[in-house]
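Protein sequences, first through last, are from chains U and V. Numbering follows numbering that gives the first Met the number 0, in which position 493 of the first sequence is assigned residue number 492; successive positions increment by one, without gaps. Numbering follows numbering that gives the first Met the number 0, in which position 453 of the second sequence is assigned residue number 452; successive positions increment by one, without gaps.
Hints may contain errors.
[Stated by the list, open to error] Each computed EDC-like pair below joins lysine to aspartate or glutamate, with the alpha-carbon atoms no more than 20 angstroms apart:
hint, chain 1, residue 1, chain 2, residue 2
1, V, Lys21, U, Asp341
2, U, Lys21, V, Glu481
3, U, Lys21, V, Asp341
4, U, Lys123, U, Glu144
5, V, Lys21, U, Asp412
6, U, Lys21, V, Glu375
7, U, Lys461, U, Asp498
[Stated by the list, open to error] Derived Cβ-Cβ restraints for the label pairs, each shown as a range:
hint, chain 1, residue 1, chain 2, residue 2, range
8, V, Leu361, U, Pro159, 37 to 43 angstroms
9, V, Ala364, U, Ala169, 57 to 63 angstroms
10, U, Ser7, V, Ala499, 46 to 52 angstroms
11, V, Gly108, U, Glu363, 56 to 62 angstroms
Hints in this document: simulated from the structure, not taken from any laboratory. Quick reminder that beta carbons are idealized off the backbone N, C-alpha and C, glycines included.
2 protein chains.
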Amino acid sequence: MIDGSIQSFPLTLDRILDHAAKWHDRAEVVTAREGLANARVTYAELRIRAKRTSSVLAGFGVTGGDRVATLAWNTQGHVEAWFAIMGMGAVCHTLNPRLTPTQLAWMLGQSGARIIIVSSDLVKLALEAVDEAPGVERVLVIDGETRLTHPRACVEPLEPMVEAASETFAWGGFDETSASGLCFTSGSTGAPKGVTYTHRSSFLHTLKLLQADVLGARTTDIVLPIVPLFHANAWGLPFALPAAGSKMVLPGRRTDGESLARLIASEGVTIAVGVPTVFLGLCEYLDATGTTLPSLDRIILGGAPTPPALMDRIERQLGVTVQNSWGMTELSPVGVFGVLSDPDRRASISGKPALGVDLRLLDEAGVPLPEQRGHEGRLHVRGAAVIERYFGQSQSVVDADGWFDTGDLARLDDNGNLTITGRAKDLIKSGGEWINPAEIESIVCALPEVSLAAVIGRADPKWSERPILLVEIRDGMEISDEALLASIRGQVASWWVPDAVVRLASIPLASTGKIDKLSLRAAYGA
Amino acid sequence: MIDGSIQSFPLTLDRILDHAAKWHDRAEVVTAREGLANARVTYAELRIRAKRTSSVLAGFGVTGGDRVATLAWNTQGHVEAWFAIMGMGAVCHTLNPRLTPTQLAWMLGQSGARIIIVSSDLVKLALEAVDEAPGVERVLVIDGETRLTHPRACVEPLEPMVEAASETFAWGGFDETSASGLCFTSGSTGAPKGVTYTHRSSFLHTLKLLQADVLGARTTDIVLPIVPLFHANAWGLPFALPAAGSKMVLPGRRTDGESLARLIASEGVTIAVGVPTVFLGLCEYLDATGTTLPSLDRIILGGAPTPPALMDRIERQLGVTVQNSWGMTELSPVGVFGVLSDPDRRASISGKPALGVDLRLLDEAGVPLPEQRGHEGRLHVRGAAVIERYFGQSQSVVDADGWFDTGDLARLDDNGNLTITGRAKDLIKSGGEWINPAEIESIVCALPEVSLAAVIGRADPKWSERPILLVEIRDGMEISDEALLASIRGQVASWWVPDAVVRLASIPLASTGKIDKLSLRAAYGA
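Chain U with its partners taken away, still in its complex shape:
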């Protein structure tokens, strides 16, 4: 072995907030509050409050490896809880408030969390979950007050304890491969599965985001993570923004168009990040009120495929750069990001992998496509922040080279840019040939009358499955079944045209905002 060495520097997430507090000490974290002025704190102050929170948790016996759950909106208190939990080597188990008490209780049972940190207006939901989760002993309330109590668990406000606690709690000192977070997948295609993040994987994911052609956050950026902290680490923003010294603006509970528009205007937000539907709401509010948002420079989309019509509308109406992305809970979650400097970048393309992520496409037999570009295939991913094994499972879900099967169908263009073309599980097999519902859905969604559309397979005695179209029509608009189907004809093979149209008042969405095809198939697929 050659002599000489570089010093050890474990990639632990506490270093990110330490860095922000020391070198971007005046940059702010701002939280919208209903009926009150926005709350604001600097990274230096937030670090001290997070250290105090660690002291509180240590006082309740929390120690390295323990899971501490959060059920909270995007608020300063939630971010403080994150860094407090992770900094002390405990594991932050984020819960999604759009799930049912039974689902939440099941996840709490899986993780074994004894403490939940809960936004005040979610305490009722939390306590209903606690009814069914006997392991939970304590509910610490943030973001306001509650009068609710529980017969077994102790329900207390966190703030007075934080104010009284010591700020000298020492973070770090554990291995960089220690677990830092736990997030269950949405379960839109099966039972929820837990993904365990490590300090190292989230640190490297942060450095990936910080690259100039990815998120590329700067000290002058004012970034609004609309994507929830409980949704796969808010795509890594709570780490990337302090690392870069960007101002973080948190929307709290309200993500309707009016609330977002006010917050963007009052804080001068330059970059907003979220799923397509929240920006639809924002556009509609701006349309209705004639408001403009001159500070806004860039919108980052992800979490669900964006209908091209919405993409166009956002670009046109807001006059911003739209940067697309694609990821999964299993990827921490970013897989690809629209390459900011690429002159051929289009909002309709998900983007390219940055250093630390690799992709490849396979055929139906599981063999890599000989020509990776220009052909559709099944997408596999590997990288520094990609899952190896789900929580509670003994088997690895990657092959010997680290490739994880995403279950998505995708295409790479001539320049290596990825477009997701569908879910392999959603494919319809008709007469022995595959039909891709996503292609049909994107045609129908482009119609101005259509709010949402889903194509699923219906059992068919002759063809095994035949596609049917489920649609939700916009309020006050009309379109005939024939006109819907006519829009599809000529755009796809004739046998791809659905056999029937089913109109729904409201197409069901899963907790992440994606269409809940599981329940649609159960109701209409027989």
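Following the hints, complete the assembly by docking chain V onto the known chain U.
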């Protein structure tokens, strides 16, 4: 321990070229050649050639941990050799062609390299070194041909072997903390010391550079590393540019103003990176010829303090953003970088540390300054790419918390931006009080008549030391001793004004281009 895991992903440098070859396959590496058209190759082609080079080296018995030396300019062949050596787990020992054969032989003896890869016009120097370095068996010639031979070592052109070799050599598969590079410090303040880089440290250093507010390289950038590959990894650019998919433009041997201007114009260079003196040459050429360089957008300076007058001239004449930096071989080498988005960024400030580097200032007694900002102190650094122990030394050079004493004096402004104010070793102790030569030098250097200036201490029976001023006057200009000293009076304490002026035809520079104070003190300090 919590269950579930993220996959292993060793941070080895071969992944960077793999990434570039797969995802930025058409981006180019261009090399200037005297009397020939620029050579050009894509990252995809360069990777294949580097793999073939690994096969050649393996054929000569090179294996993991072995040192392979390079003595070469910034050329495609040198970059290929780098990735070939590092990818196979061997250690790339870069040699500085500005050293003497005896110095080079000493370093070769230290590293134990049996093979040197040498630019054709450096073969003579290499063979003189090999005369004194009995361990060297083979000289592989790149960048042209040679007719020179050696009585003991085999001197052969590398290119025919590369063309005949297999491209299937497998890279990686070793631990990420394996050594990847070895670079000896300039020895401007003592015997040269070797710094051993690891795959992990250089990978993390790369991710640091890629941050939007640091180097922030993008796919549309066309970057000219004038800083040599043998100078602390060319500040990490040979890793960062393929990682980001930026076009890399290599100047070869010629870094005079005319050669650089032609290369920048012909390749559309947007970012040029080097020590201040090369940009002085560029400015003078542009002045003399009336040429402009419209593609050039940014200049990154480092490696030596930049006189403010030169800084102003570069900004004014080239109309570019000047981004300063400060680093050391021991830091891989970047310590701080001017924060690109900082509205208060000034060329005269070195910059801030990015995530992965931390700084602090100590007083003369070795105690951290209670107020870190606004006061001068001795600079200590720690981080993911900071030395722990020099090559061949048994003792660590960092304290228990990883702090490395840089030997520099520095000041942090109110926003945390660093300015290097001098070398602690250069301080002059006069009558029990310290005089900082750097402050006096920067005043004298601002005079238009002065080309270079150095202030050193001369032994004094009464005051122990007294400062004297050594100056090199610009050709064709004149200034009296009295006028030189008058420029200093009133700017510093009266007892800081030097006792004498010594005029030198040429102030000696060390191999890195810094003033060689060791030899000045030897000649004039008694």
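Going back to the hint list, which numbers does this structure go against?
2 and 9
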